[in-house]
Amino acid sequence: MTAVTFYVPCDSAALAVGADEVAAAIAAEARQRGLAVSIVRNGSRGLFWLEPLVEVATPAGRVAYGPVAPEDVPALFDAGWQDGGAHALRHGVTEQIPFLALQERLTFRRMGVTDPLSLADYEAHDGWAGLRRASGMTPEAIVNEVTHSGLRGRGGAAFPAGIKWKTVAGATAAQKYVVCNADEGDSGTFSDRMTMEGDPYMLIEGMAIAGLAVGATMGYVYIRSEYPHAVATMREAIRRATAAGFLGDNVCGHGRAFRLEVRKAAGAYVCGEETAMLESIEGKRGVVRAKPPLPALEGLFGQPTVINNVITLATVPVVLARGADFYRHFGVGRSHGTLPFQLAGNVKQGGLVEKAFGLTLRELLYGFGAGTRSGRPVKAVQVGGPLGAYVPESKWDEPLDYEAYAAFGAVVGHGGIVVHDDTADMAALARYAMEFCALESCGKCTPCRIGSTRGVEVIDRITQGPNKLQQVHLLRDLCDTMLGGSLCAMGGMTPYPVLSALDHYPEDFGIAPPSEKAA
Amino acid sequence: MKLIPSSAQDLATVSALIAEHRDQPGALLPLLHAVQDALGHVPDDVVPAIARALGLSRAEVHGVITYYHFFRREAPGRQVVQVCRAEACQACGGEELLALAERVLGCERHSTRADGAVTLEPVYCLGLCASSPAVQIGEKLHARVTPARLQSLLAHVADTAEVAP
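Line order of the protein sequences matches chains A and Y.
Under the working numbering, the first residue of the first sequence is numbered 1, with each subsequent residue one higher.
Under the working numbering, the first residue of the second sequence is numbered 520, with each subsequent residue one higher.
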């Protein structure tokens with residue numbers, strides 16, 4: 001009798017709802033029944049409302065059951081799930097679940113399919129194809145390919161990756177670096193975490209390609225301390241990839257070196273800003289640097305440095321493997337390719353949705369997300385992390401692309417989408433944005449360091465005191481100073497959630513809507 | 520702040536970690552992580568040795584330790600409870616969970632209970648935003664936490680505290 005293969009995710013979000021206990025229950029129950037089973041700990045498919053999502057390999061394909069609790073396991077065996085049998089928790093063939101079938105997974109095509117640390121799995125699912133191609137190309141050709149693909153920085157700033165790489169490639173220095181920004185501190189985002197926990201070789205491959213393209217021989221992955229599983233998986237993946245010759249002194253046998261090291265962050269949100277991150281890797285307080293000089297010319301330890309977000313680097317392998325034309329064909333306008341959107345907060349079907357740019361927030365909220373988890377109406381949606389604007393319903397049909405969002409004062413950012421139902425108090429959320437900025441400001445520039453504290457106070461005066469309109473005037477003036485006078489996005493974008501809350505939900509501040517100016 | 524001198528064994532541990540990390544580029548954060556992993560916190564009296572080894576002033580090392588939320592200068596409680604306060608968790612009742620944890624544990628946020636059993640901290644994003652609200656107790660993550668579930672998780676923490684000496 002051949003063993004039945006069960007897939008039980010090892011992603012943090014699956015572990016946090018009991019995936020280990022479910023895996024143990026499956027093993028114990030199978031033993032008791034004398035059934036041979038093999039349990040693969042895969043990454044998550046990103047259908048988090050169904051986690052722990054157990055898949056069973058059947059002749060028809062992998063069949064999904066979820067959310068599975070340990071106490072469901074005996075009944076699932078009784079129902080014959082080892083052969084794909086019917087049960088209330090059965091969702092059919094995983095890849096036909098609409099949430100997944102309607103996506104365009106380019107970067108995330110292996111996510112949840114493979115065992116994250118298995119080199120054989122990675123190889124069998126198109127792994128290393130991009131690096132193998134790149135290792136036979138000139139650095140200029142690699143940079144041109146990335147430039148032509150239209151890939152832009154997925155961390156939020158959306159700067160063209162190829163242009164940044166070209167600057168570093170053109171710099172002369174004894175040592176250059178590639179630094180991956182994995183300090184994914186934005187609430188509502190988890191695509192970096194999923195990548196590192198669920199498909200770490202993809203990031204390694206992307207960084208190695210970046211190294212070859214710009215002539216860097218050393219790379220760092222700067223990972224949040226709040227992500228211990230990601231740190232552990234990346235460290236082990238780097239060890240295995242080095243042993244297999246994909247990293248080290250002779251990448252893919254082409255004589256060029258690229259080494260990689262994980263650096264663990266220490267809980268400072270502002271270290272997601274690239275220059276603060278460099279300071280932190282250098283062993284200092286994560287205080288933002290003034291630019292220029294650009295990190296591309298004087299970055300880590302003063303040397304030319306490519307800094308990209310996890311998703312940017314993880315997308316490079318598919319660009320090289322399938323070609324720039326293939327990738328740039330996805331998307332709209334100047335937003336080429338796909339973005340792994342992250343549906344979070346009060347949403348019924350939360351999870352990862354990779355789609356080409358150009359879909360609308362409404363499609364994400366209702367098509368994929370199926371509305372709120374609480375069943376109440378959606379009130380506000382924050383797009384692009386804690387520094388992103390609250391997008392009102394009048395804009396839910398705008399295409400999600402960098403320029404369209406910028407045109408109405410919002411940002412796509414890292415693609416995090418946090419949904420709030422009608423119980424949300426927008427004045428409290430605006431106050432929280434200022435409070436968070438005060439807590440996390442690095443302190444280098446005054447608008448951010450002091451403006452955030454004054455922001456909390458003035459919002460309190462608006463909601464509690466008399467002279468509301470005078471205080472609103474003061475808040476707008478303060479936000480203007482922060483927007484224009486801050487050194488980085490921390491202070492410079494905190495006004496986005498604050499002003500959008502004030503503009504679109506004035507009643508929550510105790511202000512009559514008619515006084516609202518057109519948004 | 521209580522000044523409890525580090526034991527000779529702890530100081531020896533720190534010396535070994537310094538030797539292991541001092542030649543690494545940008546050694547301070549990896550070294551501080553190693554010290555905290557080994558001792559549970561970074562005691563003030565190991566700062567001079569770290570500063571000397573890395574060619575930094577004590578003020579610089581102190582500045583780094585106090586800048587980052589993750590590093591602790593004092594030993595935490597026997598159990599650390601972290602409740603996420605970020606927006607995605609707020610949207611699903613995270614703030615209520617934090618208030619509940621304060622009541623059930625008899626311990627304010629950012630503090631360690633007098634009996635040393637538990638430390639309660641807000642945290643800003645555990646990356647479980649599609650399965651909010653999220654809580655971490657020790658090393659273990661918990662998502663889609665309801666008030667009832669939190670109460671039963673904390674009952675274990677609090678019970679442990681009661682039987683502890």
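Hints are computed from structural coordinates only; laboratory data are not their basis.
Take the hints with a grain of salt, since some may be wrong.
Stated by the list, open to error - Ranges between beta-carbon positions, derived for each pair: (1) P293(A) x D556(Y): 31 to 37 Å; (2) S534(Y) x T423(A): 27 to 33 Å; (3) G625(Y) x A69(A): 56 to 62 Å; (4) D564(Y) x A243(A): 49 to 55 Å; (5) R31(A) x S534(Y): 47 to 53 Å; (6) A557(Y) x G443(A): 54 to 60 Å; (7) D249(A) x G657(Y): 37 to 43 Å.
Stated by the list, open to error - Reference listing, derived: stretches of chain A covered by chain Y, where coverage requires no fewer than 3 residues with Cβ under 8 Å from a Cβ of chain Y: (8) 83-95; (9) 126-133; (10) 187-196; (11) 259-269; (12) 330-344; (13) 347-360.
What the hints assert, rightly or not - Among chain Y residues calculated to face chain A with C-beta under 8 Å, some are: (14) G545; (15) P549; (16) Y587; (17) F590; (18) L645; (19) G646; (20) S651; (21) I656; (22) L660; (23) H661; (24) R663.
Just so it is clear, CB atoms sit at the ideal spot from N, CA and C, and this is done for glycine as well.
Checklist line | chain Y over the stretch 330-344 of chain A, status - at least 3 residues with CB closer than 8 Å | finding: This one holds; 3 residues, not fewer than the three required, reach chain Y with a Cβ under 8 Å.
Notebook entry, point to check: Holds or violated: F590(Y) as interface residue toward chain A, Cβ cutoff 8 Å?
Noted result: The hint holds - F590(Y) has a Cβ within 8 Å of chain A, the shortest such distance being about 6 Å.
Item checked: Outcome, coverage hint (the stretch 347-360 of chain A, chain Y; C-beta under 8 Å; three residues) -> Contact hint for the stretch 347-360 of chain A vs chain Y: holds, 4 residues under 8 Å.
Check: Are 3 or more residues of the stretch 126-133 of chain A near chain Y, judged by a Cβ distance of less than 8 Å?
Finding: violated (count 0)
Note to self: If I claimed the Cβ atoms of D564(Y) and A243(A) lie 49 to 55 Å apart, would that claim hold in this structure?
What the structure shows: With Cβ atoms ~40 Å apart, the hint is violated.
Margin query: R663(Y) was flagged as interface toward chain A. Is the shortest Cβ-Cβ separation under 8 Å?
Written below: holds, 6 Å
Note to self: Less than 8 Å between beta-carbons is the criterion; does P549(Y) satisfy it with respect to chain A?
What the structure shows: With a closest approach of 7 Å, the P549(Y) hint holds.
Next item on the list: Quick one: see if chain Y covers the stretch 259-269 of chain A, three-plus residues with Cβ-Cβ under 8 Å.
Entry: holds (count 7)
Note to self: Checking hints one by one. Is Y587(Y) an interface residue toward chain A, by the C-beta closer than 8 Å rule?
What the structure shows: Since chain A brings a Cβ to about 4 Å from Y587(Y), closer than 8 Å, the hint holds.
Note to self: Let's test the interface hint: is any C-beta of chain A closer than 8 Å to that of L645(Y)?
What the structure shows: Holds. Min distance 6 Å.
Notebook entry, point to check: Falls inside 31 to 37 Å, the C-beta gap from P293(A) to D556(Y)?
Noted result: holds, 35 Å
Notebook entry, point to check: Measuring from the C-beta of L660(Y) to each C-beta in chain A, is the shortest one below 8 Å?
Noted result: holds, 4 Å
Of the numbered hints listed earlier, those contradicted by the structure are 2, 3, 4, 6, 8, 9, 21.
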